[in-house]
Structures are given as structure tokens and as C-alpha cells.
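Heads up: the protein sequence lines correspond to chains U and H, in order. Per the working numbering, the first sequence starts with residue 6, numbered consecutively. Per the working numbering, the second sequence starts with residue 107, numbered consecutively.
Bear in mind the hints are in silico, worked out from the structure with no lab data behind them. Warning: the hint list may mix true and false statements.
As a list, the in silico DSBU-like pairs of lysine-lysine whose alpha-carbon atoms are at most 35 Å apart [unchecked claim]:
1. H:LYS273 x U:LYS585
2. H:LYS377 x U:LYS309
3. U:LYS236 x U:LYS508
4. U:LYS353 x H:LYS481
Listed next, with one range per pair, are the computed distances between beta-carbon atoms [said to hold, decoys possible]:
5. H:GLY193 x U:ALA516: 20 to 30 Å
6. H:LYS481 x U:ALA80: 34 to 44 Å
7. H:LYS481 x U:ASP255: 42 to 52 Å
8. H:ARG347 x U:ALA516: 53 to 63 Å
9. H:ASN177 x U:THR348: 45 to 55 Å
10. U:PRO458 x H:PRO201: 51 to 61 Å
11. U:PRO458 x H:ASP506: 52 to 62 Å
12. H:ASN180 x U:LYS207: 29 to 39 Å
Note that this is a predicted model, so its numbers are computed, not measured. Don't be surprised by glycine CBs; every beta carbon is placed ideally from N, CA and C.
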Amino acid sequence: MTHLDRLPLALLIALTITTGLRADDAPPAPALPKMDLDERREELSRKAVEFARTDSQRAQAQAAEATKQAQQPAAQLPKMQKALADAKVAQSNAVKAAATAAVELTAATKAKPIADKALVVAKQAFDAATKAATTATQAAAKAESDDKKKADDAKLAADKALTEKKTAFDIATTATATAAKRLTVAAAGKKQADVAKLAADKQVVTATTPIKPATVAKAAADKVTLVAVTKAKAAADKVVRYEKTPPVADPKSIKLVATWKHTRAMIACRIDSTGEHVFAGAQDNALHRWNLHTNAKTTFAGHKSWIRRFALHESSNLLVTGAYTGRVMFWNPLEAAPTAKRTIEAHKGYVRGVAISPDGKYVATGGNDALLRVWSAADGKLVTEIADHDAHFPDPMKKAEDVYRNHVYNVAFSPDGKYLASGDLVGQVKLWEVATWKPVRDLDAGLLHKFDPTFRAHIGGIRSMEFSPDGQQLVVAGIAKVSNAFAGIGVPTAVLFDVATGKQLAVMTSAKATKGTLWGVRFHPSGEFIVGAAGSSGGWLAFWKTGETKSFFDFKLPGDGYDVSFHPDGMRLVTALYDKTVRMYDIGPKPPAPPKKPAAKKAAAKKK
Amino acid sequence: MHTPFACNSVDHFSRRSFLTGATGGALGMLGFNGMVQAKAAKSLESQQKRVVVFWLSGGVSQLETWDPKPNTDNGGPFQAIPTSVPGVHISELLPQTAQQMHHLALVRGINTKENNHSKGAHIMQTGHRQTPGFQFPYLGSAFSSLLTAQDNPLPGYISIGGGGSAKEASFLGPANVPITLTGTNAPKNLNLPTGLTQQADTRRRNLREKFSKRFALGRRSADSEVYSSSYDSAASLMAQRDLFDFSEFSAEDLARYGTHDFSKHCLMARKLVEAGVTFTRVRHTNYDSHSENFNFHVEQLGEFDRPFAAFVSDLADRGLLESTLVIVMCEFGRTPRINQRLGRDHWGTAWSIALGGTGIQGGAVVGKTNANGTKVIDREVNGGHLFHTYYRAVGLDPTDPFYDKGRPFNKATPETSEIKEILA
Numbered sequence: 006m007t008h009l010d011r012l013p014l015a016l017l018i019a020l021t022i023t024t025g026l027r028a029d030d031a032p033p034a035p036a037l038p039k040m041d042l043d044e045r046r047e048e049l050s051r052k053a054v055e056f057a058r059t060d061s062q063r064a065q066a067q068a069a070e071a072t073k074q075a076q077q078p079a080a081q082l083p084k085m086q087k088a089l090a091d092a093k094v095a096q097s098n099a100v101k102a103a104a105t106a107a108v109e110l111t112a113a114t115k116a117k118p119i120a121d122k123a124l125v126v127a128k129q130a131f132d133a134a135t136k137a138a139t140t141a142t143q144a145a146a147k148a149e150s151d152d153k154k155k156a157d158d159a160k161l162a163a164d165k166a167l168t169e170k171k172t173a174f175d176i177a178t179t180a181t182a183t184a185a186k187r188l189t190v191a192a193a194g195k196k197q198a199d200v201a202k203l204a205a206d207k208q209v210v211t212a213t214t215p216i217k218p219a220t221v222a223k224a225a226a227d228k229v230t231l232v233a234v235t236k237a238k239a240a241a242d243k244v245v246r247y248e249k250t251p252p253v254a255d256p257k258s259i260k261l262v263a264t265w266k267h268t269r270a271m272i273a274c275r276i277d278s279t280g281e282h283v284f285a286g287a288q289d290n291a292l293h294r295w296n297l298h299t300n301a302k303t304t305f306a307g308h309k310s311w312i313r314r315f316a317l318h319e320s321s322n323l324l325v326t327g328a329y330t331g332r333v334m335f336w337n338p339l340e341a342a343p344t345a346k347r348t349i350e351a352h353k354g355y356v357r358g359v360a361i362s363p364d365g366k367y368v369a370t371g372g373n374d375a376l377l378r379v380w381s382a383a384d385g386k387l388v389t390e391i392a393d394h395d396a397h398f399p400d401p402m403k404k405a406e407d408v409y410r411n412h413v414y415n416v417a418f419s420p421d422g423k424y425l426a427s428g429d430l431v432g433q434v435k436l437w438e439v440a441t442w443k444p445v446r447d448l449d450a451g452l453l454h455k456f457d458p459t460f461r462a463h464i465g466g467i468r469s470m471e472f473s474p475d476g477q478q479l480v481v482a483g484i485a486k487v488s489n490a491f492a493g494i495g496v497p498t499a500v501l502f503d504v505a506t507g508k509q510l511a512v513m514t515s516a517k518a519t520k521g522t523l524w525g526v527r528f529h530p531s532g533e534f535i536v537g538a539a540g541s542s543g544g545w546l547a548f549w550k551t552g553e554t555k556s557f558f559d560f561k562l563p564g565d566g567y568d569v570s571f572h573p574d575g576m577r578l579v580t581a582l583y584d585k586t587v588r589m590y591d592i593g594p595k596p597p598a599p600p601k602k603p604a605a606k607k608a609a610a611k612k613k
Numbered sequence: 107m108h109t110p111f112a113c114n115s116v117d118h119f120s121r122r123s124f125l126t127g128a129t130g131g132a133l134g135m136l137g138f139n140g141m142v143q144a145k146a147a148k149s150l151e152s153q154q155k156r157v158v159v160f161w162l163s164g165g166v167s168q169l170e171t172w173d174p175k176p177n178t179d180n181g182g183p184f185q186a187i188p189t190s191v192p193g194v195h196i197s198e199l200l201p202q203t204a205q206q207m208h209h210l211a212l213v214r215g216i217n218t219k220e221n222n223h224s225k226g227a228h229i230m231q232t233g234h235r236q237t238p239g240f241q242f243p244y245l246g247s248a249f250s251s252l253l254t255a256q257d258n259p260l261p262g263y264i265s266i267g268g269g270g271s272a273k274e275a276s277f278l279g280p281a282n283v284p285i286t287l288t289g290t291n292a293p294k295n296l297n298l299p300t301g302l303t304q305q306a307d308t309r310r311r312n313l314r315e316k317f318s319k320r321f322a323l324g325r326r327s328a329d330s331e332v333y334s335s336s337y338d339s340a341a342s343l344m345a346q347r348d349l350f351d352f353s354e355f356s357a358e359d360l361a362r363y364g365t366h367d368f369s370k371h372c373l374m375a376r377k378l379v380e381a382g383v384t385f386t387r388v389r390h391t392n393y394d395s396h397s398e399n400f401n402f403h404v405e406q407l408g409e410f411d412r413p414f415a416a417f418v419s420d421l422a423d424r425g426l427l428e429s430t431l432v433i434v435m436c437e438f439g440r441t442p443r444i445n446q447r448l449g450r451d452h453w454g455t456a457w458s459i460a461l462g463g464t465g466i467q468g469g470a471v472v473g474k475t476n477a478n479g480t481k482v483i484d485r486e487v488n489g490g491h492l493f494h495t496y497y498r499a500v501g502l503d504p505t506d507p508f509y510d511k512g513r514p515f516n517k518a519t520p521e522t523s524e525i526k527e528i529l530a
């Protein structure tokens, strides 16, 4: 089967007809040799494999780094836990010792007064005995003949009693001293034990404090590691799969792989051709850049209003932004702390469209003043100004002729740099020859515009526009069949044109996104299919095979989608959403389902 | 159908008797055709106050007009621009109007607590919430009734650009019902049908008048009065076809105002003010931007700004602003929160109107909303306050009630009072 057989029949027929040329046309630009679908697919597969390899290398490195980073918290925590355990043991011992000391103090305290009292008693007895002995001695000395023996015996007895009482007194005195010493020792011992207990308690607190943060840190590090390791494994698996079977994008396998959060609704997005960064505009005054791998966020500040369209020309390190103030700014897209290099007051009212020619020479802008302007990328000077869009503005209800103009909504250069396309509010798309700035032909997407007679206002516009990778087709998007402009009731619609003839090849609508606006539309780098980002009762991504009118797959987004952009490998895309996020989805071929484990099979069989 | 109107009021007798002639004689005898002369109109204008309301139907966004909040989460993409009043900024979408701000005052603290179109419109046009069983007169009919000079033969209330119904006059009677002009044309059938001469027409009127009087002798009622007066109104309108000749605005005027419908409506309004019509309402549609709020405000305010600014400027230049009250309003404002269709929804909680002219301090600003417009933080007012203010501005006492068959009805709610900060 030749490559021609793969193309939809309608497309094939359209390509063989050359009609619709204006009578006074210059001869058509020499046709670009058409890269056939197979070649493009092969090239994309190669790119996808390369990106998969570098992504995998990066993922392995990140996993290794994460693992390394997790080592310290991993080692630290058990040490801390042991220190805490030891401190607790010491505390327990200190508690016991303090209790023991308290008991001893109580006993010593009780014993002293008893000993003191005993001493008093012993002293009394001793004093009494001393007195009695003295008396007996005196009596013995005085006693004669018959009474003397009695008196001597009494004296002996008294002396003996005295000796006993003295001994008892001495013992009691010693006991008192002992009791006093015991009390002193016990008091000191308790004080010491209490101090020791306080110190042990403090030690427990000190040992406890770092444990929770260390636990949290370890859990976090482990989580990061788990994520990184899982990612690394998936990345490695992907390389194996892609190397085995050249990957082809499969939108139906779509899966969320990254979310970048911002503080305002996101209205535009674009991945650069190195797959390093996503650039995005928001409902604030800046352009934002996220690194797809490190998630680092950088802000391009300087504008004073929203940035809906911007353009990159990476080989010249040029980023050009256009804001709703009418101002255009030039930047270095990769700067760490970006500052505007050039400022141009490009239009009165919104700048709606910005594009850079493939050779990097020209910057084209379109705005609310109905003008298409082309600027020199090198010095910012105006190269040419085209006012043709205004001539087509229908004025059905006698509206303000000088104020409300036919806004130029989008501009795009063809991939070979030969054409510049500009699309406006009323659905006219004009092709200009870049070499001469002369008009080539008009493409009619008037169905993307309506003047609503109830609300007396114009609704429409070429909201998004892109040439196919081979430059043969142009797709535009917006809102059609509007029944209520002010409630936004219309159908998200895209129109596919053949560039050479200007003919409409398909009017494209989504099976699921049926009410609202198709805000962003892009060709897949293979040219095989087209994706649209819709705001329609929430958001959708709709996918069409190029040339067909109905979407073959629709994916519900978590919020209205305002823009979409493909990763250079064609296996991923990003969307800019109303819910303040930029989200990346993988549409690479699905990994095959893992084979069922025998154990699980047995268990399942058992259950039956 | 019973027709309530002020049968016993001075108003009723004086105008009606003027229209029909005190003797009940034919219109032709009063020389009606000669009444509408520029000189006659001029003598009236110096004695009588007039009111012009610009009704931005659907609810214009206060954030895109009078109370911008650029660089906030709710502010949207537009900037604020300085005006002819130092320190006062309005939206960049009104650059010409900004140059006229010294003639206009802003009320930025309105909280009508009403997000419904018809209920909000009722509050802003009557000063009251809807009351079952009773219809407060709309301000057009009220001012038509109260301000119109005794000898003013012109319609008291003209509505340009659509809208306006008989119910607005409530009990004030058919003389205060709005005459609605659509497009840029005069009312239909202003000219006599072909084949009917002025003489023949006069004879027919005389005959009808004779029969009417005879009928009324036995069976006069409010209904028959209305019926008769509608013929008289029609006759007076026809006599004023010069007033409604909008076919020839000067090239200079068209260059300054523009040539689209709203431009011409502003020129028509200027002509009616000059002629001495008491109340003119100019409707500009539509502003109910639940989707694409910013695109639609660029478009609609792009239409509105230049001719409105020219209108205010012209009235000032011609010395008419001193005796004319100009109000720019609508049923409510729009939500600070921007929805997923880039729209703003209904919002009666914190919004603004602009007004100027007689009795109003040009350049004054009263009321404040917070940093991102979600709440009034200073001098909160509602429809009642506004109506007290309008009445005071034109030299009337709002606490002096209407009477319908002897029953009093408030001109403005008694629990509110005028906004002194913007009264001259």
C-alpha cells in the first residue's frame, strides 16, 4: 500500500483539484516536497525514542539523587529513636532512685525524733541514777555497825544502776547522732535524686523533639524517592517498549502526568522544541515558564495586562509576547531572571496574535485596531502594515464605524516561511506572500462569526490557527451556530482548509464538547490528527483525524481548556485551563497490561 | 377596564384642559399647528427642569466603567485612566467620557441586593422593591407628571431605542405614559394620511369632540376621559412633527457623535432636551455579558463613549446642563468573579452609577468598594437613596407623597435619604 492510500479520500481528491484561485493571482508558490505520513511517523518515533532515553536518563539520575537524599534522614531516625529509648531507661531508673530516696528520707525523718526522745529518757534515768548513787554513797559513808552493810550494799547497787544507766545514756547519745546523720544523708540523697530525675526528664524531651520532624522528613524523602523510583522505572520501561516497537501516538491512552499550579486562570500554553519548558499566559500580567523536569517556575514580568498569544524562535533565543494593552515585548526565553529586551507599542487595543517567521527575521502581530503588522525581529522596526481586514467588516446594524473594528485574532507563518496567514473576527483568513507582502488568497471561515441581533454584538473570531507540519493545510477554530452570544451558546468548531486552493476540506465538531468555544487547535507533529481544547460545560480535548468532521475521541478535562500544545515527541501535550493549572498528558502507546500472576489466578479460582 | 388616574389632581385639570381648550372647543381653534415654534420651546426650557436617563440594558459592568480594579484577580485585562477630575479614574474603555467627568458624579457604593433583571430594573426605575397589588410610578412618568410646566404642550416622557410601557405611569395617567421611538424614526402616522387635508381633519375632530361632550354629559368616567385624551395626545403629537424630525442632523454633529444608531439617539435626546421634553430615556442594548464580557464591553462601550460624551459636553456648552439631570444606569452591575466563558454574571451587591447636571456636584465621588470589588466598604446606598437624590437634584421634595384617590404613596422610601455628598 502506498502512502497515498493512507490519506482520507476526500483529502486526496481535494489535493488533485486546483480551483478557487483568484483570477489575478500570482503563480502559486512552488510546492514544498510533501513529506509523506510514513516518513513523518518514523521521524517522530525516532524523536520519541530519543526523548524517552534522555527522559529516562534524567529520571534515573533523579531517582539516584532522591535515594541519596533519603539516606541521611533514613540513617538519622533510628539513631534518634535509640537515644530516646536510652533516655527513657535512664528516666525510669532516675524515677526509681528518686522514689527510694524519698522513702529513706521519710524513714530517717521519722526515726530522729524517736532517737531524740529516747536520749532524753536515758538522760533522765542517768541523772536520776547519778543522784541516787550520790545519795547512796553519802549514806554508806554515814552508816555504822548494823546499817553499814545495808548501806554499802545499797551503794553498790546504786553504783551498778548508775553504770547501767550511763551505758544506756551513751548508747542513746550515739543513736541520736546516728539518726541525725542518717537524716542529713537522706535529705541530701533525695535532693540529688530529684535533680537527677529532672535532668533525666529533660533528656527525654530533648530526645523526643527532633523525632517528629525527622519522621516527617524521612516520610517525605521516602515519598519523593518512591515517586522518583517509580518514574524512573516507568521511564526505563518506556525506553524498552519504544525501542522494541516504534511508538505511535494513541490519544485514547491519554493519562495525566504532571500538573503545574498558578494563582489565576491559564489562557495560553506552548512547549518549546527541546521539550524542556512549557511557557504559559494567565489572567495576570506575566508570562510563566515551568521546567518540565524540575518544575522550577520563572516569571516574565513587565506587561500590564493579559498575554494570550506569544511566539518562540529558539535558534535566535527569541520569545515575543503580546498583551491586551497593545504592547509587544521581546525576551530571551531561557533567562533565569528575565527582563524585556525590547518594547513595541504594536496596536491600539489588544494584541491578539503573535508569530515569528521560521527564519527568525519577522515578527507578525494582529490586534484590535484591525491591523496586521510585521516587525523586524532584529531591530523592532515596522516592516509593513496591512489594513485589509477592515474592508471586510460588515456593519449590519450601523455600529460604531470608527471604534469597533474587525479585530485581527491570530497570525501564523507557514512552516516553509513563504506565507503569513491572518485571521479576524468575522472569520476571514487572509494569506500573504512573505516575499512581497502581497495578498495570495482568502479563506472563508465566516461560519465562525455571527452578529447577534438580540444583543447587538459580534461574536466569533479565529481563536486559534495553525498550518499543518507540511504546510499544505490550515486549521482554524472558534465558535459557530451561535444562538445566544451573551450566554456563549454556540458550537465549538474548527475548519480545515487546503492552502493551495483555499477550499474548506472539513468543518469539524466534537461529539462531546457540544456547547461553547473551541479555544485552541493544533496539528499533531505527524499531521495525522488534530487536537482542540474546548470550553464547553467544563473542558474537553477533542481529537479529529485530519480531514474528518467528527472527533474520534473526546477527553474530559478538569476545567475549561483555553489552549493546547504538543510536546516535540508527539507523545505528550499540555493544556492551559480555567482551573488555574497547566497540565501535561501522555498520549503515547499504552503499556501492555501486566500478565495475571498464577497465585492470583488460583485465588480467583478458589473464590469460585 | 377601570383606568386609575389622577382625576382630582391639579395636574389632571391643567394639562388636560389646555390640550382640549378650556371652552372644550376644537383643537384647531387654538392654533395648535403654530404651537411648536423654537421660540415657544425656548421660553419653556428656562423655567422647567428636565431629566435624561441612559439605560444600559442588561447591566453594564462597573469594573469595566466607573469602578475599575486593574491588576487584581477580578480586575480583568483593562487599565484605569485618569479623568478631567484629578484623582478620579475610570475604565480605559471610556476615554471621551473621562474628559467629561467634571460634569458627572459617581456613586460607587450601591447595594440593591437584587440580581434579577426585572426586579433590579424595577428598583432602579421606581426606587422601590416590587409590591404586590400596587405599581409605583417609574421615574419617567413621575418626573413627567411633576416637572412639566403648565404651558408645555410636549409629551412629558419619551423613550428612545425601545422599552417603555403604559404600566410605568401607574395612577399618574395617560399623559405620563412614555411615547416610544424605535430606530431613528419619528412615531408612526405623524403625518396626515394622503387625501386628508388639514381642514378636513380639523372638521372631523370638531365633530368627534361634539359627540364626546354630549356623551360625557351623561356618562363621564375615567375610561371615557382616557379615550378622549388619547385623541388629544395624538393630535398634539402630530402638531409637533417638527420635534420628531430626525432626518437632518448636521454633518458636524454626525462627525462628532458618529453615525450609528446610538449616536443618533444621543442627538435625538439633545434635540428633545432643547425643545423642553421633560423626561427622555435612551436605551442602549445590550450589556448582559455572561460570556465574553471583555469583548462585548469593548464593543458596546465603544459605541457608547463618544456620543454620550458629546451629549454631556453639548448640554454643558449650551447652558442646558444647569437645568437637566443626566443619569447613566441599569438594573445591576456585574460579578467581580470572571467565569469560565470569560463572562461576568449579575451583581447587585457592589456596583456604580454615574449622574450629573442640575443639583449634582460635578466631579464628586461617593461610596467605595474594597480592593477587588467584592463588597461595599463605605457609604452603602440603595435605590431609595438614589431616588431621594434625584428628587432633590431637580428641586422637588421626595418626602411629599403622591396621592392616588386620596391615598398617599412615597416618592422615595422613607427609611432612606438623599446622598448629600453629591448634591451641589
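Checking each numbered hint in turn, tell me which of them this model violates, lowest number first. 1, 2, 3, 5, 6, 9, 10, 11, 12
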